[in-house]
Amino acid sequence: MFYILCPYCGEHREEEEFHPKGQAHIARPEDPENTSDDEWGDYLFFRDNPRGVHHELWVHAVGCRKFFNITRHTVTYEILEVYKMGEQPSITAENYAAHQAAASADNERNASQGKHQQGVRA
Amino acid sequence: MSNAQQFDTRPQGEIPVESPLAYSMQRSGTPKAKAGTKVTMRERPFLGQLTLRGGAIVLDEALREVLGLGLPGEPLGLVQDKAGERSIQWMSPDEWLLIVPGGEEFDVERRLREALGDAHFAISNVGGGQTVLELEGEAANEVLKKSVAYDVHPRHFPVGKGVTTVFAKATVILRRPSEERWELVVRRSFADYTYRWLLDAGEEFDIAVEN
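These protein sequence lines are chains P and H, in that order.
If you're matching positions, the first sequence starts at 1 in my numbering and goes up one per residue.
If you're matching positions, the second sequence starts at 123 in my numbering and goes up one per residue.
Incorrect hints may appear among the rest.
Stated by the list, open to error - Restricting the straight-line Cα-Cα distance to at most 25 angstroms, the calculated cross-link-like pairs of lysine to aspartate or glutamate (DMTMM-like) are:
hint, chain 1, residue 1, chain 2, residue 2
1, H, K156, H, E332
2, P, K66, P, D37
3, H, K204, H, E183
4, P, K66, H, E196
5, P, K84, H, D216
6, P, K66, H, D273
7, H, K204, H, E260
8, H, K268, P, E11
9, H, K291, H, D273
10, H, K291, P, E16
11, H, K291, P, E11
12, H, K283, P, E16
13, H, K267, P, E39
14, P, K21, H, E326
15, P, K84, H, E217
16, H, K268, P, E33
17, P, K84, H, E196
18, H, K156, H, D314
19, P, K66, H, D182
20, H, K291, H, E326
21, H, K283, P, E39
Stated by the list, open to error - Covered stretches of chain H (chain P as the covering partner; in silico rule of three or more C-beta atoms under 8 angstroms from a C-beta of chain P):
hint, segment
22, 210-216
23, 275-287
To be verified - The following label-pair restraints were derived from C-beta to C-beta distances:
hint, chain 1, residue 1, chain 2, residue 2, range
24, P, D106, H, G151, 53 to 61 angstroms
25, H, G177, P, Q23, 29 to 37 angstroms
26, P, A105, H, P223, 35 to 43 angstroms
27, H, Y145, P, Y3, 51 to 59 angstroms
FYI, nobody ran anything at the bench for these hints, they're computed from the structure.
Backbone N, C-alpha and C define an ideal beta-carbon position, used for all residues, glycine too.
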């Protein structure tokens, strides 16, 4: 089960409140009259199925009923980012490796600080 | 004022009305309070319920003018007047649920439309489509824990919060107007299901129904 942050409600909710709506950021061709059959077919029927970072459209169906986007890793199922409609993702397949490296460096730093903090708390 | 047509859904005169739970209470029964009763359920039927949609700022101004009550400042907020009779709940970034005593909603809607003027908004009377159930008592929280997917621990669900969530296999608007009391706004068509579910879930706490 996912535990999803709804950007409109501002808190995490159970997956059963949401519906996935497929790939995000699919733009309708601006000039349908002059679009070739191939392009129109791609727009209507063909979707990415990446192994790794994927941007998806979800709706908080039982809740605020708003659509929003999720960036998810299709192998680890990790939700990397949640962002509202009309916004662009900050984590993409291209910058994912760099992002992970930065995050693990952060974690190491926090872990070393964490030991210190735990000592204080105890 | 906008040129939307309105009509009063509560005509004057002697017309028999029944709450959505009238038949359920007859068929499934209304357990009486016992010595060990830890939770009490009651229905508050025939309340006036309006769904307001539009920009937060214009709606807030109009509501302050008409009811002296502002919109909740935060998502998932619930505000009520001092008597607890009128309440406004955040439903979505551009949608709020206004509940007023039964019979007031037509007048409130008319005055809101006047106050809002040409602003971009929508007001729908949803009172006929849903009803309010109340749970009260020390085990109310326990009954809800058995029923909803949402975390109802008092730390996570303080007074003045309201959410829409999954209740058993139905949807419910769950709100907490006071420390002891929880309100469930349920669809009319799910009212019987919700009622029977609550009777079953509350059996171990000797649930009582007041009506």
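Verification of the supplied hints:
1. The suggested pairing of K156/H with E332/H holds, with an alpha-carbon distance near 12 angstroms, which does not exceed 25 angstroms.
2. For the suggested pair K66/P and D37/P, the alpha carbons sit about 32 angstroms apart, so the restraint of at most 25 angstroms is broken.
3. A distance of roughly 19 angstroms separates the Cα atoms of K204/H and E183/H; the hinted pair therefore holds under the 25 angstroms criterion.
4. Simply put, K66/P and E196/H have alpha-carbon atoms about 16 angstroms apart, close enough for the 25 angstroms limit, and the pair holds.
5. This hinted pair checks out: K84/P and D216/H have alpha carbons roughly 15 angstroms apart, not beyond 25 angstroms.
6. At roughly 21 angstroms between alpha-carbon atoms, K66/P and D273/H fall within 25 angstroms of each other, so this suggested pair holds.
7. A distance of roughly 24 angstroms separates the Cα atoms of K204/H and E260/H; the hinted pair therefore holds under the 25 angstroms criterion.
8. A distance of roughly 21 angstroms separates the Cα atoms of K268/H and E11/P; the hinted pair therefore holds under the 25 angstroms criterion.
9. In summary, the hint linking K291/H to D273/H is supported, as the alpha carbons are separated by about 16 angstroms, within the 25 angstroms threshold.
10. Between K291/H and E16/P, the direct Cα distance comes to roughly 10 angstroms. Compliance with the 25 angstroms bound is thereby established for this hinted pair.
11. A threshold of 25 angstroms between alpha carbons decides the hint, and for K291/H with E11/P the separation of about 22 angstroms falls inside it, so the pair holds.
12. Simply put, K283/H and E16/P have alpha-carbon atoms about 21 angstroms apart, close enough for the 25 angstroms limit, and the pair holds.
13. Between K267/H and E39/P the alpha-carbon distance is near 51 angstroms, which puts this suggested pair outside the 25 angstroms criterion.
14. With a C-alpha separation of about 41 angstroms, the suggested pairing of K21/P with E326/H is violated against the 25 angstroms cut-off.
15. For the hint linking K84/P to E217/H, the alpha-carbon distance of about 17 angstroms falls within 25 angstroms, and the restraint holds.
16. Distance hint between K268/H and E33/P is unfulfilled; the C-alpha atoms sit about 55 angstroms from each other, more than 25 angstroms.
17. Among the hinted pairs, K84/P with E196/H is consistent with the structure: their alpha-carbon atoms are about 17 angstroms apart, no more than 25 angstroms.
18. Using a Cα cut-off of 25 angstroms, the hinted pair K156/H and D314/H holds, with the two alpha carbons roughly 23 angstroms apart.
19. Annotation: proposed proximity of K66/P to D182/H holds, straight-line Cα distance about 21 angstroms (limit 25 angstroms).
20. Of the supplied pair hints, the one linking K291/H and E326/H holds, its CA atoms being roughly 21 angstroms apart against a limit of 25 angstroms.
21. The hinted pair formed by K283/H and E39/P fails the criterion: a straight-line CA distance of about 48 angstroms is larger than 25 angstroms.
22. Proximity of the segment 210-216 of chain H to chain P, defined as three or more residues with a beta carbon under 8 angstroms from a beta carbon of that chain, is established by the 3 residues found.
23. Proximity of the segment 275-287 of chain H to chain P, defined as three or more residues with a beta carbon under 8 angstroms from a beta carbon of that chain, is established by the 3 residues found.
24. Take D106/P and G151/H: their Cβ atoms lie about 59 angstroms apart, and the range 53 to 61 angstroms holds.
25. Evaluation of the 29 to 37 angstroms hint for G177/H and Q23/P yields a pass: the beta carbon distance comes to about 31 angstroms.
26. Restraint check, A105/P to P223/H: a C-beta distance of roughly 59 angstroms breaks the suggested window 35 to 43 angstroms.
27. Under the hint 51 to 59 angstroms, the C-beta atoms of Y145/H and Y3/P, about 39 angstroms apart, miss the expected range.
When the structure is compared with the earlier hints, violations turn up for hints 2, 13, 14, 16, 21, 26 and 27 and for no others.
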